[in-house]
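Engineer: In our numbering, the protein residues as written are 3 to 444.
The reader is advised that the hints may include incorrect statements.
DSSO-like mimics (lysine-lysine), calculated; alpha carbons at most 30 Å apart, straight line [to be verified]:
{"id": "1", "residue 1": "Lys-133", "residue 2": "Lys-60"}
{"id": "2", "residue 1": "Lys-233", "residue 2": "Lys-223"}
{"id": "3", "residue 1": "Lys-71", "residue 2": "Lys-233"}
{"id": "4", "residue 1": "Lys-160", "residue 2": "Lys-286"}
{"id": "5", "residue 1": "Lys-133", "residue 2": "Lys-163"}
{"id": "6", "residue 1": "Lys-78", "residue 2": "Lys-252"}
{"id": "7", "residue 1": "Lys-223", "residue 2": "Lys-60"}
{"id": "8", "residue 1": "Lys-163", "residue 2": "Lys-59"}
{"id": "9", "residue 1": "Lys-256", "residue 2": "Lys-149"}
{"id": "10", "residue 1": "Lys-71", "residue 2": "Lys-252"}
{"id": "11", "residue 1": "Lys-149", "residue 2": "Lys-286"}
{"id": "12", "residue 1": "Lys-256", "residue 2": "Lys-71"}
{"id": "13", "residue 1": "Lys-223", "residue 2": "Lys-159"}
{"id": "14", "residue 1": "Lys-163", "residue 2": "Lys-30"}
{"id": "15", "residue 1": "Lys-297", "residue 2": "Lys-286"}
What the hints contain is simulated information worked out from the structure, not anything from laboratory work.
Predicted model, so just to flag it, every value in this text is computed and none were measured.
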Amino acid sequence: RRHTNMAANSPNGLKISEEQLQQLGQFKRNLEIPEQGIPQDSGIQDDTTLIRFLSGKKWDMEAAVEQYKAMVQWRKDFEVDEIFEWEKENPDRIEEIKSMYPSCHYGFDKEGRPLVVNRIGLIPCAVFAEKIGRVEWKKYHVLFFEKLMNICREQTKKLQKPITQITVIVDAEGCSFQHRHFTPYFKSNAGIDKQNYPEFLYSVTVVNAPWIFPTLFNFVKGFIDPNTREKIQFFSSDFQDRLLELMDSKNLAKEYGGECDTPLPVPDVKSCEDADPDGLMAQKVSMMDSFILVKECDDEKGGRYAWLFRVEQYNINFKVEWREKGSEEWTVVEDLKNVETHESSFSTDSTGELRLTFDNTYSYFTSKNVKYALLLHPRGTESIETSRKKTNEESIKVHSLDDILHTEEEESPTQCDNNDDDIKKSTSSDDIKSTNAPQGQQ
3 RRHTNMAANS
13 PNGLKISEEQ
23 LQQLGQFKRN
33 LEIPEQGIPQ
43 DSGIQDDTTL
53 IRFLSGKKWD
63 MEAAVEQYKA
73 MVQWRKDFEV
83 DEIFEWEKEN
93 PDRIEEIKSM
103 YPSCHYGFDK
113 EGRPLVVNRI
123 GLIPCAVFAE
133 KIGRVEWKKY
143 HVLFFEKLMN
153 ICREQTKKLQ
163 KPITQITVIV
173 DAEGCSFQHR
183 HFTPYFKSNA
193 GIDKQNYPEF
203 LYSVTVVNAP
213 WIFPTLFNFV
223 KGFIDPNTRE
233 KIQFFSSDFQ
243 DRLLELMDSK
253 NLAKEYGGEC
263 DTPLPVPDVK
273 SCEDADPDGL
283 MAQKVSMMDS
293 FILVKECDDE
303 KGGRYAWLFR
313 VEQYNINFKV
323 EWREKGSEEW
333 TVVEDLKNVE
343 THESSFSTDS
353 TGELRLTFDN
363 TYSYFTSKNV
373 KYALLLHPRG
383 TESIETSRKK
393 TNEESIKVHS
403 LDDILHTEEE
413 ESPTQCDNND
423 DDIKKSTSSD
433 DIKSTNAPQG
443 QQ
């Protein structure tokens, strides 16, 4: 099998192995694409694009052909070939998206791949969700990727080697739980990328990741292609060495330890969200007292809960319990003692309710200030209208023995189902029942 390591030239002059060259030829024949005479800037029939689809399916011919044909149909349905005309016709809307979404092409890595810097931590997510429609966002995302595809083709022609992928730096500084508002937009991107731009990401390096970021990522990672997830690395700090493995110092922004002084993208629109940098709800748990949250899952297919909290200065006991609908028994999910910060999740395939207890009954002298979030991602396809009707019919139950914040003034987490076009979004915390009561009383 020595021939598998031999460099060969494709009809477009790309250096690939002899075996891969033969598979590329077969791929073209299966798709009825001419084996010669297709220039690199020909759109989706060039060798650069075809190699991505083969590589994305680990050179499984049948799977690659199926995915490629599905992509061709999607491009027709979504009118991708007219995406640059859409750009010309909607300059104001595109500028508005750019003003809130700080992401750009920022030079190249050491191998000549386009480098993209995405400063997601600066996105004013609640404002973005209010002003930008889902279809519009999809078009903008596709437009950005099509431009990057063209840059890859130019680099392939210039360097005489396949440049089929991009390198990405994700700057998470500033991320808070308010970024849950961006979940449906992220889900749209992930679906499009997985099916229509396979193997387009070479590496994703997340830098300046705050303590809350793992929880946010755990909640959306199910949308991401497994091959892509393996390419993501996270750094809260000390990321310079990793970035310099990927790119020369002269091409790396000074903010990340490089020498390049080209300005990084900054949103023009600032967030109008609350001043809490984490975007979490706040609760005071008095001494010898408990704070209890109960969140119902009424989706027959169940759902996935995610929660996190941190205690300012001190610690607290924390218990999570689940009760199926119709049952009187609570099942303990986790029971933790003297915790300062914590994040976790729980999945269910049935209806019921989850109960979180912040227990400070053991403290005789000290009240605890807790910042927390509880999110539910249902698995079914309940409509927006049904969700809003349910939300309006419910009410919060708050009983306090001390001066606490009213949770009805906070905004509830965004919920999104498995249908990309149906997003359940409640505008208050009406689906969370919260109780401040001594242990043993609710």
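Engineer: Each hint needs a verdict: does it hold in this structure or not?
Structural biologist: Results for each hint:
1. Distance restraint check for Lys-133 and Lys-60: the Cα-Cα separation of roughly 40 Å exceeds the 30 Å cut-off, and the hinted pair is therefore not satisfied.
2. A distance of roughly 12 Å separates the Cα atoms of Lys-233 and Lys-223; the hinted pair therefore holds under the 30 Å criterion.
3. Between the alpha carbons of Lys-71 and Lys-233 the distance comes to roughly 26 Å, so the proposed pair stays at or under 30 Å and holds.
4. A C-alpha spacing of about 61 Å is found between Lys-160 and Lys-286, which places the hinted pair above 30 Å, so the restraint is violated.
5. Straight-line distance between C-alpha atoms of Lys-133 and Lys-163 comes to about 42 Å, which puts the hinted pair past the 30 Å bound.
6. Restraint check: the Cα-Cα separation between Lys-78 and Lys-252 comes to about 41 Å, which exceeds 30 Å; the hinted pair is violated.
7. Among the hinted pairs, Lys-223 with Lys-60 is consistent with the structure: their alpha-carbon atoms are about 22 Å apart, no more than 30 Å.
8. Taking the CA atoms of Lys-163 and Lys-59, the gap is near 20 Å; set against the 30 Å cutoff, the hint holds.
9. The straight-line distance between the Cα atoms of Lys-256 and Lys-149 is roughly 25 Å, inside the 30 Å bound, and the hint therefore holds.
10. With a C-alpha separation of about 41 Å, the suggested pair Lys-71 and Lys-252 falls outside the 30 Å cut-off, and the hint is violated.
11. For the hint pairing Lys-149 with Lys-286, the CA-to-CA distance comes to about 50 Å; that exceeds 30 Å, so the pair is violated.
12. Simply put, Lys-256 and Lys-71 have alpha-carbon atoms about 43 Å apart, too far for the 30 Å limit, and the pair is violated.
13. A hinted pair counts as satisfied when its Cα atoms are at most 30 Å apart, and Lys-223 with Lys-159 does not qualify at roughly 35 Å.
14. Of the supplied pair hints, the one linking Lys-163 and Lys-30 holds, its CA atoms being roughly 19 Å apart against a limit of 30 Å.
15. Taking the CA atoms of Lys-297 and Lys-286, the gap is near 19 Å; set against the 30 Å cutoff, the hint holds.
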